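Going down the list, the protein sequences come from chains A and B. Be aware that the first sequence starts at 1, since it is given in the working numbering, and climbs by one per residue. Be aware that the second sequence starts at 114, since it is given in the working numbering, and climbs by one per residue.
These are calculated hints, taken from the structure and not from any lab test. This structure is a prediction, so every number in the text was calculated from the model and none was measured. Be careful, since some hints might not be right.
[To be verified] Some chain B residues judged to face chain A by a derived CB distance under 7 angstroms, without partners named:
(1) V144
(2) N154
(3) F156
(4) F158
(5) D213
(6) P219
(7) G220
[To be verified] Taking lysine to aspartate or glutamate and the EDC-like style, the derived pairs with C-alpha atoms no more than 20 angstroms apart in a straight line are:
(8) B:K157 / A:E26
(9) A:K72 / A:D31
(10) A:K68 / A:D27
(11) B:K157 / A:E42
(12) B:K116 / A:E42
(13) B:K152 / A:E42
(14) A:K108 / A:E42
(15) A:K108 / B:D199
(16) B:K133 / B:E196
(17) B:K157 / A:D27
(18) A:K56 / A:E42
(19) B:K176 / B:D199
(20) B:K126 / B:E191
(21) A:K108 / A:E70
Beta carbons are placed, not taken as given, at the ideal position from N, Cα and C, and that holds for glycine.
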Amino acid sequence: QQQVRQSPQSLTVWEGETAILNCSYEDSTFDYFPWYWQFPRESPALLIAIRPVSNKKEDGRFTIFFNKREKKLSLHITDSQPGDSATYFCAATPNYNQGKLIFGQGTKLSIKP
Amino acid sequence: NSKVIQTPRYLVKGQGQKAKMRCIPEKGHPVVFWYQQNKNNEFKFLINFQNQEVLQQIDMTEKRFSAECPSNSPCSLEIQSSEAGDSALYLCASSRQGSDTQYFGPGTRLLVL
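Given only the sequences and the hints, what does the whole structure look like? Please build it.
Right, here's the structure in full:
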C-alpha cells in the first residue's frame with residue numbers, strides 16, 4: 001500500500017521556468033511533510049518541510065503549498081536552475097515522536113539550460 | 114549539511130556472507146534510523162533507536178538483520194547472511210530528541226554478488 005504518492009515520475013522544464021512537483025497522502029495522522037532532494041550517487045538531503053498547521057512554506061525559490069482537506073501538497077521551484085536537477089522525494093511522518101519517514105516514489109526533475 | 118558519518122561507503126559481499134555497516138549520528142542526536150533504498154528508489158524503513166533502545170523495527174530486521182546502538186560506540190547494522198536482493202543503499206539518519214527532522218548520512222552502498 002503506497003501511502004505517499006508523487007507525480008509526475010519525471011519532469012523536464014527549461015531553465016527559468018517554474019517546476020511543480022505533486023504529492024498526496026492517505027493517512028490523516030501524518031503531520032510532518034519534508035521534501036528531500038537527492039543527486040546521483042549521493043544521499044537524500046533535506047530541502048524544505050511543512051506541517052499541516054500551515055498551508056504554505058517558502059524558502060527562497062522553493063515553496064510548498066499544502067491542502068489538508070484534499071491531502072495534497074506540491075513543491076514549486078521558481079526560476080529553475082540546471083543545478084536543481086535531481087530526484088525529489090516527498091515524505092511524511094505520523095504525529096508521534098520519532099516516527100519513521102514514509103517516502104513517495106520520487107520525481108526526477110531535469111532542468112534544460 | 115548533515116554530519117552523520119557512515120562507513121564503509123561501499124561494501125561488496127558474496128551471497129551468504131555477513132555484511133556490517135556503521136553509523137555515527139550527528140552530535141546531540143539520540144535518535145537513529147536505518148533505511149534501505151533500492152535501485153528503484155524505493156525506501157524501506159528498517160529500525161530506529163533512541164539511545165540504545167529499539168523503538169520500531171520491521172519483520173525483516175527481526176530475522177536476518179541485526180542492529181544496535183551501543184553507548185559510546187557507533188551504531189551498526191549487520192546482515193547475517195546476505196542475499197542478492199539485499200543489494201541497495203543503506204541510509205542512516207539521526208534526529209534530535211522530540212524532533213521530526215531526520216538528517217541522512219552518505220549511505221553504505223552494498224552489492225551482493
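Evaluated hints:
no. : hint            : verdict
1   : V144            : 5 angstroms, holds
2   : N154            : 5 angstroms, holds
3   : F156            : 4 angstroms, holds
4   : F158            : 4 angstroms, holds
5   : D213            : 4 angstroms, holds
6   : P219            : 5 angstroms, holds
7   : G220            : 5 angstroms, holds
8   : B:K157 / A:E26  : 18 angstroms, holds
9   : A:K72 / A:D31   : 12 angstroms, holds
10  : A:K68 / A:D27   : 11 angstroms, holds
11  : B:K157 / A:E42  : 17 angstroms, holds
12  : B:K116 / A:E42  : 14 angstroms, holds
13  : B:K152 / A:E42  : 13 angstroms, holds
14  : A:K108 / A:E42  : 14 angstroms, holds
15  : A:K108 / B:D199 : 24 angstroms, violated
16  : B:K133 / B:E196 : 13 angstroms, holds
17  : B:K157 / A:D27  : 17 angstroms, holds
18  : A:K56 / A:E42   : 28 angstroms, violated
19  : B:K176 / B:D199 : 13 angstroms, holds
20  : B:K126 / B:E191 : 12 angstroms, holds
21  : A:K108 / A:E70  : 24 angstroms, violated
Checked against the numbered hints given earlier, the structure breaks hints 15, 18, 21 and satisfies all the rest.
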